[in-house]
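Make a model of the complete structure from these sequences and hints.
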Amino acid sequence: MQKNLLFKGRTRCKPLVLLQMLLLFWITTAAAQSTLIEGTVSDTQGTLPGVNVQLKNKSTGTFTDAQGAFQINAKPSDTLVFSYIGYQTQEVVVGSKTHFSMVLVPDATALEEVLVNAGYYKVKDKERTGSIAKITAKDIETQPVSNFLATMQGRMAGVHITQQSGTAGTGFNIQIRGQNSVRRDGNTPLYIVDGVPFSSDAIGNGSSMASFSVPNNPLSSINPSDIESLEVLKDADATAIYGSRGANGVVLITTKKGKAGKTQFTASIASGFGSVAHFMKLMNTEQYLSMRAEGFANDGITEYPATAYDINGTWDQNRYTDWQKELLGGTSTITNANVSVSGGSEQTKFMVSGTYGSEGTVLPGDFGYTRISVRPSFNHASKDNRFKMAFTGGYNLQKNNQPSTDITMEGIRLAPNAPALYDAAGNLNWEDGTFDNPLALLRGHARSKTHDFIANTTLSYSLFDKLDFKTSLGYTKLDHYESSTYPSTMYDPADQIGSNLSRINYTNSGRESWTVEPQLNWKTSWNVLNVDLLLGGTFQQQHNKSLTIAASGFSSNSLIYNPTAAAQLLLSRFDDSQYKYQSFFGRANFNIDEKYIFNLTGRRDGSSRFGAHKRFGWFGAVGTAWLFSKEKPLTNSKVLSFGKLRGSYGITGNDQIGNYQYLDSYTSVSANYDGVTGLIPSRLYNPDFGWETNKKLEVALETGFLNDRIFLTAAWYRNRSSNQLVGVPLPGTTGFTQIQSNLDAEVENKGIELTLETVNIKSKDLRWTTSINFSKSKNTLLSFPNLESSTYKNSYIIGAPLNIVKLFHYTGVDPQTGLYTFEDVNADGVLTNLEDKKTVMDFNPSYFGGVHNQFVYKNWQLDFLFQFVKQKNYNLPLIFGIPGGNSNASTVVLDHWQAPGDIASTQLYTSGANGAAMTASGRFGASDAAVTDTSFLRLKNVAVNYTLPKQWMHNVVCKLSLEGQNILTFTPFKGADPEFAGIGYLPPLRVVTAGVQFIF
Amino acid sequence: MKTIFIFGLRKMQLFALYRATAFGVVLVVTLILQGCDDFTQTPMPVTELNTAAVFEDLNTANAAMANLYAQIRDNGMLTGKTTGLSKEMGLYTDELTWYGSSTQSSSYFYTNTLLATDSTIENWWDNAYSQIYAANLLIEGVGKSDKLLVADKERFIGQAKFARALVHLYLVQLYGAIPYITITDYSVNKNVQRLDEAKVYEKIINDLEAAVLLLPAEYPNSTRSLPNSYAAQALLARAYLYAGKWSEAANSASAVLNNTSLYVWEEELNHVFLKGSTTTIWQYAGRTPTRNTDDGSTFIFNAAPPNSVALTSQHMAAFEPGDQRKEQWTRGLVKDNLTFYHAFKYKKIGGDTPQTECTVVLRMAEQYLIRAEARARQGELAGAREDLNKVRNRAGLPNTTAVTVPALLQAILHERQVELFTEFAHRFIDLKRLGSIGTALDYKDGWNFTDQYLPLPQTELNLNPNLGSQNPGY
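So the sequences go chain by chain: F and S. Count the first sequence with the numbering used here and you get residues 1 to 1000, in order. Count the second sequence with the numbering used here and you get residues 1 to 474, in order.
Derived by calculation from the structure, the hints in this document are not laboratory data. It should be emphasised that the depicted structure is a prediction, and the values quoted were computed from it without experimental measurement. Don't be surprised by glycine CBs; every beta carbon is placed ideally from N, CA and C. Take the hints with a grain of salt, since some may be wrong.
As the list claims (entries may be wrong) - Heads up, incomplete: computed chain F residues facing chain S, CB under 8 Å, no partners named: (1) A297; (2) D299; (3) G329; (4) S340; (5) L501; (6) L571; (7) T667; (8) D674; (9) G732; (10) T734; (11) T737; (12) S741; (13) L756; (14) E757; (15) L834; (16) N886.
To be verified - The list that follows gives simulated cross-link-like pairs (lysine to any residue, SDA-like), each with its CA atoms no further than 20 Å apart: (17) F/K399 with F/N508; (18) S/K348 with F/S555; (19) S/K347 with F/Q568; (20) S/K81 with F/K138; (21) S/K348 with F/G553; (22) F/K138 with F/V759; (23) S/K444 with F/A297; (24) S/K275 with S/K335; (25) F/K257 with F/W430; (26) S/K144 with F/L663; (27) S/K199 with S/R433; (28) S/K81 with F/N672; (29) S/K390 with S/L420; (30) S/K335 with F/W430; (31) S/K348 with F/S499; (32) S/K348 with F/T35; (33) F/K449 with F/S199.
Below, the structure is given as structure tokens:
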């Protein structure tokens, strides 16, 4: 029964091929009267190398060579089985023929045997009980991006990813099914690379990073082109086996592995350009100077201050520079190259790949990001297949050199008539000390170098029939060196600031972790019942070390990277912390007749992050699925080809609070007083906090129609997080701004996720597929005992989302005074934050998704992805400066109040001396008028690929590609880019690359 | 024999299932349970020390105390860095002009257009109470310790109370009614109410009176960087003066000035701010043994126009002709016929081996001026004039011509302006307590009478409803 099942249908995945091989070895063959059979295998586009040609029920097998040819000894009664990943398996009885020309048909919609990685186990996609989203190398490879999180944008339901800066090597924010934890930084998912947990905690130290930079995220060391598949586990059924770390979802990263067959070489190179797609529209010189003049006039200032260089005649009043274009309008060059070798036998397979990537800068200067990675992997199985071993390793080097200050803000704020950047002699122009030359900021560098090593070895042995013992051993090591410099050359030489005031901050940090996971897996079946049991344990330890040094005063700026040359040296921060984690887990899966499936998972976790009494916790889930399309009345349906109803409920947890938070202690600090090095109170003492829990419920319907050419999945979920592990904000009078404690509040995330995959056209030459995902979610603070008397009184509202802001209600510009006015909610005559900020704005996206289309026409392939997000955010063009002040402004503030009776959208201009106008301007930034629709529809990705006909290249596969990212954006937002975390960051770049790939 | 089927399983098969499962469970559970509870135990991190342990050892208790004073020196209101009140409150009054960006907090101080959401306002408040917490934790920890000697305990408690009083004294001057925190229990401190100013002064005076008794007469170190009994007395003199307790103010100032073995008047203006000055009652230790003051870096500029602060023309005009302080404690740089002056009390920027300057917080001249004012208020005009002249004569100025009490008070206010400029917001506090702030700052466009109190940080009002309403005008 079991065996037959495996042979049935279309084998698409390697593990099943393996299993199939394994079974075949058990069957001894008596070869007699066999003759040599030969032939070729091809698809519609040419010959296919590496196709497995096997005699059915026998151990004899071979692979097609580079020309797609094969030879095999077979008897007339044998059946040849041709199988190749991505193609439908074909069987032919040998009979009297000695030559076969096989044409394999691509396997388009067959989901039947698609295996999905669920972490500790794999499940057939059609039989899974949990909610798992997946993208594969095919989706990743068409995207010219350097961070793998970018490849998921717009492609996965329920996964919301925001790029925080366009600067190379910086971070992304990811949320899987909304914000569960009240703490903003307690919402990161768990990342597992080939079975090894990979900490995404930021590395480095704020003082030694660029200002306005997003903290260095170790995830950027994972190279997208090394990834075979990315799976995101979402519901309780899928995540409960990760227990305390599954609350925010789990991202499984599986890297590419070698395949049996002829040794295959792949080489590819792509290069292209990145630039800022769109800038904010700012005033020109005429508009700006008239705004300034009016500001001073309104303030009754007739004699311009000596320092108002822009308008008092010091600077040329007719000069105009588009500073955004000048400072941020460059083009960055992008190069990615990859070489890999893979191959091996059925027993031993290997793959080695090397990648080089570099990304330049859009700034005027020599900045850039480079990544080099090497990734070996090999698998081995003993002849009897009882012992198996798999090793994957990866070494990654990243180098980043960026300015220590993001000058995006300078590009926006500089007066349009500010003087030239360089003087006649080609030196930086300081305009006699009146001009803070923005290029000087670029002389301060933020450099970083990250070495990252990850290795995983899995050893497994079949103890008995059906019982496997497996141990997974993982190790990661990350070394990160960063520095940011502020040399004296950043300042006007006239200030006589010498290299004795140059300074640098360094941080050297390291992270090392190991994990050991022994597991027992027992699979068996009786009649229609298949049972799969898994029991395992985890021991994990992580050690972080970090040292920050502040050095200043050098005899020469060229010695700035040598700390021994510094006059002042301060060890400003040292961190040495350990995280230990231990658990056991289990899974029991019952599959009855492939129709009714029950999946039970559980885990008991212990974490060193909690005090002795709160250290351990239980987590678990139950998931079920009913494949109703296999019920009698539907089995022969012409329309419904697949139908499954699944549901799950369970509890997961969260311990993302940092180490040692339960200790009552002093911490040693670098501050020195009269030769004594200080000890500082570490925190407010509270040892009695424990796990945050997240109860997840999901119901989903998966249906395939017309032989699965239309496949629709609809899921509804409701996650409730309680026992919130939160740094409860406290007033400063307590000596701290927060305390670590469990808050008895409950946060709910519920929503629906729809995915629709269709094969619109499927003909010999043309294939058009579409996949659409849509997510709509609602985040609600359900309960919060004593909210009114709590410290969260003004941040949260019961029944409203967490990500809200309370704002003044803007009531327009007073036609008489010309000032912004706001609703005095309690009508007491004064505007107070406490009583009058009553308008609530929700910053969570209300829905988002993507539409991906793929056309394959003969050797051509066209992919394009539209991403859409419906959201609100701050209206940056309106709020970044004070209209009339010493900063350029958006043209949207041109419509302003000038004389009594005017109806205008912007208040009267002020040079900054009008206190009432300044106050009103401050309130405007905290009013509902400062929030706008930042929804967007973006042509996120376009890729055109062309495979040269094989005969042109002597059976070398050659693919040409043209790929683009962030190509077009439609948005009502008036700022640079609607995807932003705050003002002052470089927006995400538009990238276009062209590439070529050879496989032989 | 009857065969039992469960999910189509025969009994024998079930038995095999149980046996195999049991085997697996035993194997894995044994693996896991070995060292189960111990594994998640992490040792005390090398960067931390148990609170109780800190106070069992003189060295670690000293380190905790050193950090309290280092925090006062480095963070919040009382730092000499550009974020401290010597610069910001100078801009807020008539001492300094702002030449930097109009978008920095300093600009809002200069134009008197501060908002309750201002980062400096919040930074000052949070750091102040963080320092007060550290002082309270020291008082509690030292109190519980049974290892420290009584003399050391008294010194620690005295130093902590001194720091606590100092920080509260500045808070009450800047923010008006404030909470006075004397314990570390956050469940109480998060709901505290504000005390009116008189009550705050009472508590400050209590703490300082206790510190005077607890602290030794001698400095614990040669650099005068930790307070002795006289430093507490000097700060107490100031607190009495601010609280309007004239005779107590005069007596406390006298107690300091009469200790002629420790405090010797310095006639040379340029020696007053040197590290070894004998007029210094309390100064900060340098950030490193070779580093000079932060104040020097904050005020000095070497090119005109400056890109941060310069002394105002109003301030420069306040120097009487012949005032040597204008020559020695300020410096002018000329650019396009305009002269820009900076404070030049501290001459050094950056490092020096050995260090030559430390930030002086309490010095003799202030004590003379305190006593002069306290005496004048009590009608002791001759004594008042004598103290005032002591300060004037050093600056090369003749004796004061003021004869009436109001004239003398005016003369003292003026003397404080030119003697204590850019030192810890003396100008702001003096103008305010003597009722002259409205007239003195009327020339500033943004000035409002309600600006004599800074706004309470908005976050603080949001987080603690018991703080009540915002100061008027914000």
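Going through the hints against the structure:
| no. | hint | in the structure |
| --- | --- | --- |
| 1 | A297 | violated, 14 Å |
| 2 | D299 | holds, 7 Å |
| 3 | G329 | violated, 23 Å |
| 4 | S340 | violated, 37 Å |
| 5 | L501 | holds, 6 Å |
| 6 | L571 | violated, 11 Å |
| 7 | T667 | holds, 5 Å |
| 8 | D674 | holds, 4 Å |
| 9 | G732 | holds, 4 Å |
| 10 | T734 | holds, 4 Å |
| 11 | T737 | holds, 6 Å |
| 12 | S741 | violated, 10 Å |
| 13 | L756 | violated, 36 Å |
| 14 | E757 | violated, 34 Å |
| 15 | L834 | holds, 6 Å |
| 16 | N886 | holds, 4 Å |
| 17 | F/K399 with F/N508 | holds, 14 Å |
| 18 | S/K348 with F/S555 | holds, 17 Å |
| 19 | S/K347 with F/Q568 | holds, 19 Å |
| 20 | S/K81 with F/K138 | violated, 56 Å |
| 21 | S/K348 with F/G553 | holds, 14 Å |
| 22 | F/K138 with F/V759 | holds, 16 Å |
| 23 | S/K444 with F/A297 | holds, 16 Å |
| 24 | S/K275 with S/K335 | violated, 33 Å |
| 25 | F/K257 with F/W430 | violated, 57 Å |
| 26 | S/K144 with F/L663 | holds, 19 Å |
| 27 | S/K199 with S/R433 | holds, 16 Å |
| 28 | S/K81 with F/N672 | holds, 16 Å |
| 29 | S/K390 with S/L420 | holds, 15 Å |
| 30 | S/K335 with F/W430 | holds, 15 Å |
| 31 | S/K348 with F/S499 | holds, 16 Å |
| 32 | S/K348 with F/T35 | violated, 98 Å |
| 33 | F/K449 with F/S199 | holds, 18 Å |
In summary, the numbered hints that this structure violates are 1, 3, 4, 6, 12, 13, 14, 20, 24, 25, 32.
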